[in-house]
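Keeping their order, the protein sequence lines are chains A and B. Once you know that position 221 of the first sequence is 248 in the numbering used here, the rest is easy, because the numbers rise by one and skip nothing. Once you know that position 115 of the second sequence is 116 in the numbering used here, the rest is easy, because the numbers rise by one and skip nothing.
If you're looking for bench data, these hints aren't it; they were derived computationally from the structure. Note that CB positions come from ideal geometry on N, CA and C, so glycine has one too. There may be inaccurate statements among the hints.
[To be verified] Beyond 12 Å from chain A on every Cβ pair, some chain B residues (computed):
# : residue
1 : V54
2 : P117
3 : M127
4 : G128
5 : A144
[What the hints assert, rightly or not] Simulated crosslink set (DSS-like; lysine-lysine; CA at most 25 Å straight-line):
#  : chain 1 : residue 1 : chain 2 : residue 2
6  : B       : K118      : A       : K99
7  : A       : K143      : A       : K156
8  : B       : K51       : A       : K99
9  : B       : K215      : A       : K162
10 : B       : K51       : A       : K143
As a plain string of letters, each chain reads:
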Amino acid sequence: MIRLEKIDKYFGSHRVLSAVDLALEPGNVTALIGPSGSGKSTLLRCVNLLEMPEAGRLELGDLRIEFSRDSKPARDTVLAIRRRTGMVFQNFQLFPHRTVIENVMEGLVTVQKWDKARARARALELLEKVGIAHKADAWPVTLSGGQQQRVAIARALAPSPEVLLCDEPTSALDPGLAAEVVEVLRQLASEGMTMLMATHDLRLAASIARNVLFLSNGVVVESGPSREIFTRPREQETANFVSTLTQSLPDAWAS
Amino acid sequence: MPAWLHLMAQSLWPLLYAGLLFTVPLTLVSFALGLALAFIVALVRLFGPKWLVAIVRFYVWLIRGSPLLVQLFVIFYGLPNIGIVLDPLTAAIIGFSLNVGAYNSEVIRGVIESIPKGQWEAAFSMGMTRGQALRRAILPQAARVALPPLSNSFIALVKDTSLAAVLTVPEIFQAAQRIASVTYEPLILYTEAALIYLLFSSVLSSAQVRLERKFGRHALFQSGS
Chain A
28 MIRLEKIDKY
38 FGSHRVLSAV
48 DLALEPGNVT
58 ALIGPSGSGK
68 STLLRCVNLL
78 EMPEAGRLEL
88 GDLRIEFSRD
98 SKPARDTVLA
108 IRRRTGMVFQ
118 NFQLFPHRTV
128 IENVMEGLVT
138 VQKWDKARAR
148 ARALELLEKV
158 GIAHKADAWP
168 VTLSGGQQQR
178 VAIARALAPS
188 PEVLLCDEPT
198 SALDPGLAAE
208 VVEVLRQLAS
218 EGMTMLMATH
228 DLRLAASIAR
238 NVLFLSNGVV
248 VESGPSREIF
258 TRPREQETAN
268 FVSTLTQSLP
278 DAWAS
Chain B
2 MPAWLHLMAQ
12 SLWPLLYAGL
22 LFTVPLTLVS
32 FALGLALAFI
42 VALVRLFGPK
52 WLVAIVRFYV
62 WLIRGSPLLV
72 QLFVIFYGLP
82 NIGIVLDPLT
92 AAIIGFSLNV
102 GAYNSEVIRG
112 VIESIPKGQW
122 EAAFSMGMTR
132 GQALRRAILP
142 QAARVALPPL
152 SNSFIALVKD
162 TSLAAVLTVP
172 EIFQAAQRIA
182 SVTYEPLILY
192 TEAALIYLLF
202 SSVLSSAQVR
212 LERKFGRHAL
222 FQSGS
């Protein structure tokens, strides 16, 4: 179980998150949606502490952190939380100086101290799972964006994280390439991977996430099962936002 | 054989010998020490506590802002006044290392900062410490970017070692001076010395090209070659 409570996050004097609560049940996929600047990426990055909140609590299994302005959390706890979460970035962020398989092995070898042979076997297994084992020895720059993102997913999954954090996983990709990434994410969801994704792509959210959290100006406006949020939103602001998904086709096409 | 060519041939071995015995070791040792210093200074500038940053900034300011020749004089001829007597080679190595360290600390700091923030985050997100991220993700990429400016500095150092002549280090230039003073042929001797510096720096440049190829495997694809 992963839980964030009453999270406040400031950039300078600007408050990006205000008393945000988030609970992720094992095996569930949760999507963070909202307009640009709503704080969804920031919230996602608070889970693995790439952003350090100024107030609130984080709970991941037996690990707990109480945030405050005056004290930094213990380094070992921060590292432990990052070791137990995996992250996928909008721009992939593969290491360009390492081959595809070396990218996937990196966390296992450097952080988890696996021996190389075992890490290689695990990496190959994951590359097969995301359909890219044939590129194991290629350099990342030679891959398409969709392929790079699938490698990045394999890399994030390598140490068997308790949750996969996806920050706009399809936003840098054209629709065709996005589809292959969505397919991989859907597959993971169906296998019971706990996931949290921040996304602009309401189609991605609607098709994969069981729960949705709608953020606006750093506040949770509404959260609940995706079907509810997308079909019967309680708040007008949510309704306006999700209507961009349901009414994205020209009116004339409806008839 | 014309007389000037005969003189050149005769002095070739003394000059080469001075180069191999003094110029090359002086360059290699100073550059290695200077680079280590530059790396430490760069890390302090990037991640160190404020008071230490202030100290290393002062050091960089002092060394970059004053002439190398004057610094060498201070170290070799000045320090004995406060009881620090150094042999010429040691004084030269200290002077050159301090210079290499000051200039290249800025190069190293710059290339580390040029690596996108996302690369740090990718490393941190798997639970790496800052040291691990630096070693495994950032420095290998930074090294390739740093290679051309560092090579520049290395070649500049090969030539700057001629200043050690004024500290009585018997390197190439000093050997040329010595022979010129007895043969009264400064044009021939100093031209020959220049050619020998050219020879040493050319050999070193070709080493740079090979290093760049080695470090740049992953980048070859980016340029489409």
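Evaluated hints:
| no. | hint | in the structure |
| --- | --- | --- |
| 1 | V54 | holds, 20 Å |
| 2 | P117 | violated, 8 Å |
| 3 | M127 | violated, 4 Å |
| 4 | G128 | violated, 4 Å |
| 5 | A144 | violated, 9 Å |
| 6 | B:K118 x A:K99 | holds, 21 Å |
| 7 | A:K143 x A:K156 | holds, 20 Å |
| 8 | B:K51 x A:K99 | holds, 18 Å |
| 9 | B:K215 x A:K162 | holds, 22 Å |
| 10 | B:K51 x A:K143 | violated, 40 Å |
Hint violations for this structure: numbers 2, 3, 4, 5, 10, all remaining hints satisfied.
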